[in-house]
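Produce the complete structure using the sequences and hints provided.
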Amino acid sequence: NKFNWPLYQNVVVSSSEETTPILGSLSSINLKVINNLASNFMAHPEDNIVWFVESCNDSELSKTLFFFVLLQSLLLVKSKGDGFSALFKSVFPILKAELESLVNAGDFLLDEFNSEMLDWDCSSFFDHLLYANLRPLNAKVMVCIFWRLISALMSAESFGNRLDDSMIKDLFVFFASSKFKHAFREHLHFLAAQCSVSPSRLLSKFFTDEGVPAAVQVESLQCYAFLCSLSQDKWQTELLAEFPS
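Residues in the sequence shown are numbered from 1 upward in steps of one, following UniProt numbering.
Source of the hints: derived by calculation from the structure; they are not laboratory data. By construction, the Cβ of each residue, glycine as well, lies at the ideal position given by its N, Cα and C atoms. Accuracy of the hints is not assured; some may be wrong.
As the list claims (entries may be wrong) - Computed spacing ranges between beta-carbons, pair by pair:
| hint | residue 1 | residue 2 | range |
| --- | --- | --- | --- |
| 1 | Ala105 | Thr208 | 30 to 38 Å |
| 2 | His128 | Arg185 | 16 to 24 Å |
| 3 | Phe92 | Ser198 | 17 to 25 Å |
| 4 | Val103 | Val212 | 39 to 47 Å |
Unchecked claim - Quick list of in silico lysine to aspartate or glutamate cross-link-like pairs, EDC-like style, CA-CA up to 20 Å:
| hint | residue 1 | residue 2 |
| --- | --- | --- |
| 5 | Lys179 | Glu100 |
| 6 | Lys181 | Asp119 |
| 7 | Lys32 | Asp119 |
| 8 | Lys89 | Asp58 |
| 9 | Lys89 | Glu210 |
| 10 | Lys32 | Asp121 |
| 11 | Lys32 | Asp58 |
| 12 | Lys96 | Asp170 |
| 13 | Lys96 | Glu54 |
| 14 | Lys181 | Glu116 |
| 15 | Lys205 | Asp170 |
| 16 | Lys179 | Glu98 |
| 17 | Lys179 | Asp165 |
| 18 | Lys96 | Asp47 |
| 19 | Lys169 | Asp209 |
| 20 | Lys169 | Glu116 |
| 21 | Lys169 | Glu210 |
| 22 | Lys89 | Glu60 |
| 23 | Lys96 | Asp127 |
| 24 | Lys89 | Glu116 |
| 25 | Lys205 | Glu98 |
| 26 | Lys89 | Asp209 |
| 27 | Lys32 | Asp170 |
| 28 | Lys181 | Glu100 |
| 29 | Lys89 | Glu54 |
| 30 | Lys89 | Glu100 |
| 31 | Lys181 | Glu98 |
| 32 | Lys205 | Asp119 |
| 33 | Lys96 | Glu46 |
| 34 | Lys169 | Glu100 |
Now the structure itself:
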């Protein structure tokens with residue numbers, strides 16, 4: 001059978017793979033296919049995100065495929081250094097809503113999160129597809145997607161693409177206020193230390209701007225402490241000098 005969906009154009013599967021049953025999981029879908037899907041997705045992310053969300057809305061398994069495609073798409077953005085702004089504006093609201101939905105459901109905890117997972121590609125998660133409950137898996141994949149989102153942001157800036165500072169602020173606020181913020185600890189530190197916005201300018205806004213949640217202010221203080229612990233005299237002087245009084 002031939003798929004007429006735009007995302008599945010030019011997705012080549014070998015004859016042996018065509019006869020392999022999926023059997024209710026994605027374990028038989030290999031990394032090459034997902035990479036092809038990611039490449040097609042990146043051709044028109046704004047349009048494809050709408051189709052993907054509508055198609056995957058009622059199935060956790062379909063959402064897992066969606067998250068795998070996003071995970072690999074961010075590798076493409078990082079390697080090319082362009083297309084980040086469009087991708088961010090398309091996927092961030094969706095990812096934010098999906099993770100908040102998992103948190104509100106309250107039917108699992110993300111107590112243990114191995115930071116080594118942050119550098120996994122989607123093939124590293126395939127074995128986990130054998131478990132009945134995909135919601136914890138989807139949450140872990142999303143945490144990795146957010147890590148890749150930051151990495152792609154830094155890469156885009158290194159290519160000379162000036163990005164909107166609001167992206168950095170939105171990411172920080174989301175990580176700091178999330179129930180899963182323990183899984184986002186490295187995200188916060190990396191974002192504060194590596195983004196183009198000076199750490200003092202980024203973090204001080206959470207004390208000078210109105211309406212900032214207390215949880216975000218606490219996390220910004222912890223980031224201040226983390227940056228000072230790096231023993232970079234320039235940062236210590238700058239951070240202390242510009243700390244809001």
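Against the 20 Å threshold, does the CA-CA distance of lysine 179 and glutamate 98 hold or violate the hint?
With a Cα-Cα distance of about 13 Å, the restraint between lysine 179 and glutamate 98 holds, given a limit of 20 Å.
Holds or violated: lysine 179 to aspartate 165, with C-alpha atoms at most 20 Å apart:
violated, 24 Å
Given the hinted pair lysine 181 and glutamate 116, is their Cα-Cα distance within 20 Å?
Given pair lysine 181, glutamate 116 holds - Cα atoms ~17 Å apart, limit 20 Å.
Straight-line Cα separation of lysine 89 and glutamate 54 no greater than 20 Å?
Roughly 17 Å between the alpha carbons, so the hint for lysine 89 and glutamate 54 holds.
Given the proposed pairing of lysine 96 with aspartate 170, does the C-alpha separation stay at or below 20 Å?
holds, 10 Å
20 Å Cα cutoff - pair lysine 205, glutamate 98
Cα-Cα ~27 Å, so violated.
Pair hint outcome, lysine 89 versus glutamate 60 [Cα-Cα no greater than 20 Å]
violated, 23 Å
Starting from the range 16 to 24 Å, see whether the pair histidine 128 and arginine 185 falls in it by beta-carbon distance.
holds, 22 Å
For the pair supplied as a hint, lysine 179 and glutamate 100, is the alpha-carbon distance within the 20 Å limit?
Holds. Lysine 179 to glutamate 100 sits at ~9 Å (cutoff 20 Å).
Sort out whether aspartate 47 lies within 20 Å of lysine 96, counting only the CA atoms.
Holds - the C-alpha atoms of aspartate 47 and lysine 96 are around 19 Å apart, at most 20 Å.
Are the Cα positions of lysine 32 and aspartate 170 separated by 20 Å at most?
violated, 32 Å
Proposed proximity, aspartate 121 with lysine 32 (alpha carbon, max 20 Å)
OK: lysine 32 and aspartate 121 at ~12 Å, within 20 Å.
When the structure is compared with the earlier hints, violations turn up for hints 4, 8, 9, 11, 17, 20, 22, 23, 24, 25, 26, 27 and 32 and for no others.
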